[in-house]
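**Student:** Going down the list, the protein sequences come from chains A and B. Note that the numbering used here has the first sequence beginning at 1, numbered continuously upward. Note that the numbering used here has the second sequence beginning at 1, numbered continuously upward.
In short, the hints are calculated from the structure, not lab data. Quick caveat, the model's predicted, so the values are computed rather than measured. Please note that the accuracy of each hint is not assured.
[As the list claims (entries may be wrong)] Derived lysine to any residue pairs resembling SDA-like cross-links, with alpha carbons at most 20 Å apart:
#1 B:K130 x A:Y532
#2 B:K169 x A:E477
#3 B:K169 x A:P482
#4 B:K130 x B:V118
#5 B:K169 x B:P158
#6 B:K130 x A:S538
#7 B:K169 x A:P480
#8 A:K224 x A:D234
#9 B:K169 x A:Q467
#10 B:K130 x A:G530
#11 B:K169 x A:E291
#12 B:K130 x A:Q467
#13 A:K224 x A:E243
#14 A:K28 x A:W141
#15 B:K61 x B:L42
#16 A:K224 x A:D242
#17 B:K169 x A:Q481
#18 B:K130 x A:P535
#19 A:K11 x A:H26
#20 B:K130 x A:L529
#21 A:K28 x A:E3
#22 B:K169 x A:S478
#23 B:K67 x B:V57
#24 B:K61 x B:L75
#25 B:K130 x A:Y531
#26 B:K130 x A:I534
#27 B:K67 x B:V77
#28 A:K28 x A:N13
#29 A:K237 x A:T226
#30 B:K169 x A:E295
#31 B:K130 x A:E3
#32 A:K546 x A:G530
#33 B:K61 x B:I73
#34 B:K169 x A:A294
#35 B:K169 x A:P474
#36 B:K169 x A:S288
#37 B:K130 x A:Q258
#38 A:K11 x A:A194
#39 A:K201 x A:K224
#40 B:K169 x A:S479
So the chains spell out like this:
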Amino acid sequence: MEEIYCPLCGKPNPAENKFCDFCLAHLKPPEGGLPEPDAVQFPGIDNNQDGLGSHASDSEVPSWLSEIEGEDQGETDQLAEPEPESRKSDEPISDWMTGISEAEESDSLSSDETLPSGAIPPVDPFLYGQEVPASDNLPEWLNEALEEEEPPEVVDPDIWAEPSPHVSGEPDTPQEDLTPTKPIDESTESLENAGPLAGLKGALSAEPGVARARIPAAYSTKLKVTANQRAHVDLMKTLIEDEDQPLPLPRRGAISQQHVLRWVIALVLLMVVLWPVVTASQQMPYPSYDEGSAEVNRLINQLPENERVLVGFDYEPGLAAELDATGDPVIDHLMSQEALLTLVSTSPTGPILAERFITETQADHEYINGENYVNLGYIPGGAAGLQSFFGNPQGTLPYSIDRSSAWGSESQDALPALAGINQITDYAMVILLVDDPDVARTWIEQLGPSIIDPEVLTSFVLIASAQLEPVIRPYFESSPQPVNGMVVGLRGGAAYSRLTESDGIPREYWDAFGMGAFVAALLILVGGLGYYVIPELSSIVQDQGKT
Amino acid sequence: MRNLAYTAIAIAVGLVVLVGYFLQLELLVNLRLVLLEWATLLVAVALLVGVINLLSVHWRKSTSDNKNRVNSIALIVAMVITLGVAGYFGPTHPYSLWIFNYIQIPIEGSLMAILAVVLIYAGVRLLRRKPNLLSIVFIATAVVILLMTGPLFGIDIPGLAELRIWIGKVPAVAGARGILLGVSLGIIAAGLRILIGADRPYGGN
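Can you build the whole structure from these sequences, using the hints too?
**Tutor:** Here it is as structure tokens:
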């Protein structure tokens, strides 16, 4: 069903409606355009000179309106009649009434003078002769109709006015301007043409009021932009959306340059290290010994036979190769002196490493557990455990690792390695194999104060990984010495082997170690320079090619 | 009130151990040794608790739908086997040593070997990544130490051996002394804070 929308209230109505079902406003422009002012006909109203005229057709006017019109007609007749004389009679009136009456008389006189007698202005719904405001309050179709239609010739309303001083060209005075020259014209009073007040004149006009108070026109919320602006908006939108999306990393191939380089380094190192092992080459000369190794050698040489020595194994299995090779000549020298060893560790894996070292690395000496050495196992507690062990070894580690009573009892003597040991200073020497600088520092700090005393004959020796040399050297070079000697790294072990003229693990490792260290230095030097120089040269060549 | 008791006990024990370290009074020394033995026992128990906790955590992971539960199962199996062998035969038995020699040492040794390759690779790329004076000094020092630590085929390059010794004794030791001094001062400060109750790692505000 086709609908049309009310130009005033905006609500839908059937297409055949002439008036809005909701506000009773005109839905369509009247057929034949707007009527001439003289010919404007309103339902039930006759535009005659008498004002409210007779009804054109009673059938078009509802009964209630007929009654109203009848009453209005009576009133109009009464108003048209001259005021009865009785009103001007001799009835006594008060002073204030007198004033009012005089004012009314003057007003009525002036009206009579400005209006032609008996002339009632025509009913005019639109004030012709004045510019109708543009489409502020009127529907669009009405504006168009008004524009197409020429204003009809109407009686100039000013004909009822006195000649204006402006017309005469005489200079006006403020007093003259303030003088009312035109009475209230009834013709300007609008006649209702719709709604329940249809046909009434002088009523408050519904349509203009409604028009002013109507619902604001619904404007489109879409932003009107040009194509260029739209293009910029799209570009900005694309940029912002791209900000949130992570840039995909460039996909690396399965075999990249880094992979190749790493594999090349690994293969070169492996071949170089394996070559001396495969060929059993042992031609590289031992290094010259340093003062730390020489001091350790001197201390061990001074040990009498069957002297008791505490050996700490505090390194991880990953560095067993280095520490085994470093400690091998020292422990070998110690065993050759038939020292009785007590093995301890502050690392959980240390006791196994110690057992492995004695039974496998030094298998030639055929040391027997419980006779030549005792493995007391793990000392828990770090620094506190060490302090407890140094002060009270029997109470801290009462049993050996094979669950025997190491320190003896009333019915059993102590093991030979522990006989006569009541505190740490009863040992002739303490040797620590260590790979961790913190562990080395803990041992030095806990043991040092006990052996610094010149009356104490216990010496403390470190067999350390090469990475610990800067950390333990200050203790060795200080005075008094908390560390009496040190053998550091495979180089130190090889130097000690040179001192003792033994061929142990350092001899097996020394050639491979030397080749590996040399090739590693060469790879870093050559590879680093090549990695730096080649791209620089290529960029220079590219720049020259561009220029 | 309870926190106050904790603090009082901690401060008292710390003072007894510290004073017993300096004053060789028999009562004080014996008390200090007893307290240290207690601490050693507590740490040993803590180690056992840690092992049990590790086992329980991986037990939960192995019984869940975790995609990496194979690793947890492998850890539990290895732990049970090792504990069984070392517990039954003893830690010095050849079976226990076999596990140690042919499983644990090769695994950790291979990690160190990979570390050697990675460090050489990093040294190769260092000049490319950060071509500045410090990088050059670092690379030169590493090359000198590596060359002169090994036998270098018996070749004696004049001055290089002395340079290696000088690097090991002067710059490296100077840096290490600084580190040691800093560590010592930090330990003293931490010990004093605990002794005066300003720091309470055992609990309490």
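**Student:** Against the structure shown, which of the earlier numbered hints fail to hold, in ascending order?
**Tutor:** 12, 13, 15, 16, 31, 32 and 39
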